[in-house]
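Protein chains in written order, with my numbering: chain A, 13 to 308; chain B, 13 to 308.
Hint data in this document are derived by calculation from the structure and do not stem from the laboratory.
In this text the structure is predicted, and so the values were computed from the model without any measurement.
This list has only true hints and no planted wrong ones.
List of simulated lysine to aspartate or glutamate pairs, EDC-like, C-alpha gap at most 20 angstroms:
#, chain 1, residue 1, chain 2, residue 2
1, B, K126, A, E120
2, B, K126, B, E255
3, B, K245, B, E255
4, A, K126, A, E255
5, B, K245, B, E206
6, A, K126, B, E120
Chain by chain, the residues:
Protein chains: 2
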Amino acid sequence: MEVVETVRDLQACATADRRAGRRSALVPTMGALHRGHLALVDEARRRADVVAVSIFVNPAQFDARADLAAYPRTLDADLAACRARGVDRVFVPSERELYPGGFQSWLEVTELSKPLCGASRPGHFRGVATVVAKLLIAAQPEVAVFGRKDFQQLAVVRRLVRDLGLPVEIVGLPTVRESDGLALSSRNVHLSGEARRQALCLVGALAAAEGSLSAGERRRDAVLAAAREAIAKAPLARLDYAELRDPETLAPAPAMLAGPTLLALAACLPRADGQGEVRLIDNRVLLVQHRREGRA
Amino acid sequence: MEVVETVRDLQACATADRRAGRRSALVPTMGALHRGHLALVDEARRRADVVAVSIFVNPAQFDARADLAAYPRTLDADLAACRARGVDRVFVPSERELYPGGFQSWLEVTELSKPLCGASRPGHFRGVATVVAKLLIAAQPEVAVFGRKDFQQLAVVRRLVRDLGLPVEIVGLPTVRESDGLALSSRNVHLSGEARRQALCLVGALAAAEGSLSAGERRRDAVLAAAREAIAKAPLARLDYAELRDPETLAPAPAMLAGPTLLALAACLPRADGQGEVRLIDNRVLLVQHRREGRA
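Given the sequences, and given the hints that come with them, work out the whole structure.
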């Protein structure tokens, strides 16, 4: 497994791959790899000859300094996990390498970055869009694989790839979960005991909304209320947002739901060490069936 | 000479070039080609095996609708000029091709875009940075050639290429001028008679500032005053800005000049057809020598 530290070296690898007719895939990560990331690696393996993983905790996408400082960093374990999973190339740039002195070129996906996490975390998606564009320009992969847990991030990435004309296919994979349903996240390590148990309120909210739809409910506000009630049952959870939106444009869902609708959730729970909160997100695209009239 | 209309086709050309070991150069233009553009083409020819010219009047970089509407469009003549000059490939995308429905990904080079033309033309450099990044991603050239008449644009492009890590060398060429000194510009066609004569005040201002420095002046405000006086001598010219700045960072020059200093000018003159004004720019990097003490 190659470990590459500079953009120039990574581009040289890409040139060599193309000359040799090898198709390459990139899995961009912030490290602290878990089974969710490894599922992305496996998908990349199925789609390409060369699998590259980037590991970079991107300061530009953290709106809160404390969150950046607390973000788990487990480089040795990450490298071992990549090696064990058959990754061919790991890109571990320094902050200076990706943000050289005088850096000032920012990519903004204006509309998709506004709602949901963009509203809670100013500048977050500008940081995401900029670093993802830089990673794609550096690695020049034919395909890049992302998880759907970060649904809005995936929407932003798809849009910027299309808008900039980057020659890469973006693949989104289903969220990988713990056996009890909690979405895997590098931030879960900060939860324990009662907060970890109450974190299940997010999955509960997804299920409650789905249940409400199955029972024939189509009013947006009623479906949302079902989701919010599930989160309210967890007294340690502080709701950040619960919203129903168009899965592609992220525009607010109509008052009467019809067609696929994104339910996106964010909530904060107390950290195990008492140092503030952990912010967790989850989502599901609800398949809203037309209700047959006369049988509702 | 190939005429290419889509990003996808242009990227396919780039892939074929690389497979064949051909080095390619791009000259991005908005058409209405003059000898200044053709000098860029000649330089591209010296540096690459394949020379591509893009012709696209980029709506995103026009802050004023009237200026966009009035911008000269001479596609047939441009294609003939490219063919005659030995250009291999011309990229003529539609607006829809570069800005597909729902387009919303903008690149902003924050600091370098603020002063000078950025202050006069809000959004201009966001449009420039975005389209240049898109053209470089589409054409994937080893080298791209720009004119130094648009000095700030060149600074913005160099910065975005470095910041995004785009694998391309940026070359800037000296401004090509009419025999009387007026910088070539596609907008010059809108000038005639007295306005055309008075447009020389820009070159006069560059010479006046240089003369002032040769005479030993080092005070920024005095050098600027010399430039402004030269423009004030042309009653038809309305000064937009005359500024002394660092040629790399575009930071304001110190009160006492020392080292290379950019003199950047913009002025408006009446159009020949009476339909508003033509905005012209010009610049020179003044080589400020240390004044030998005791001889001043």
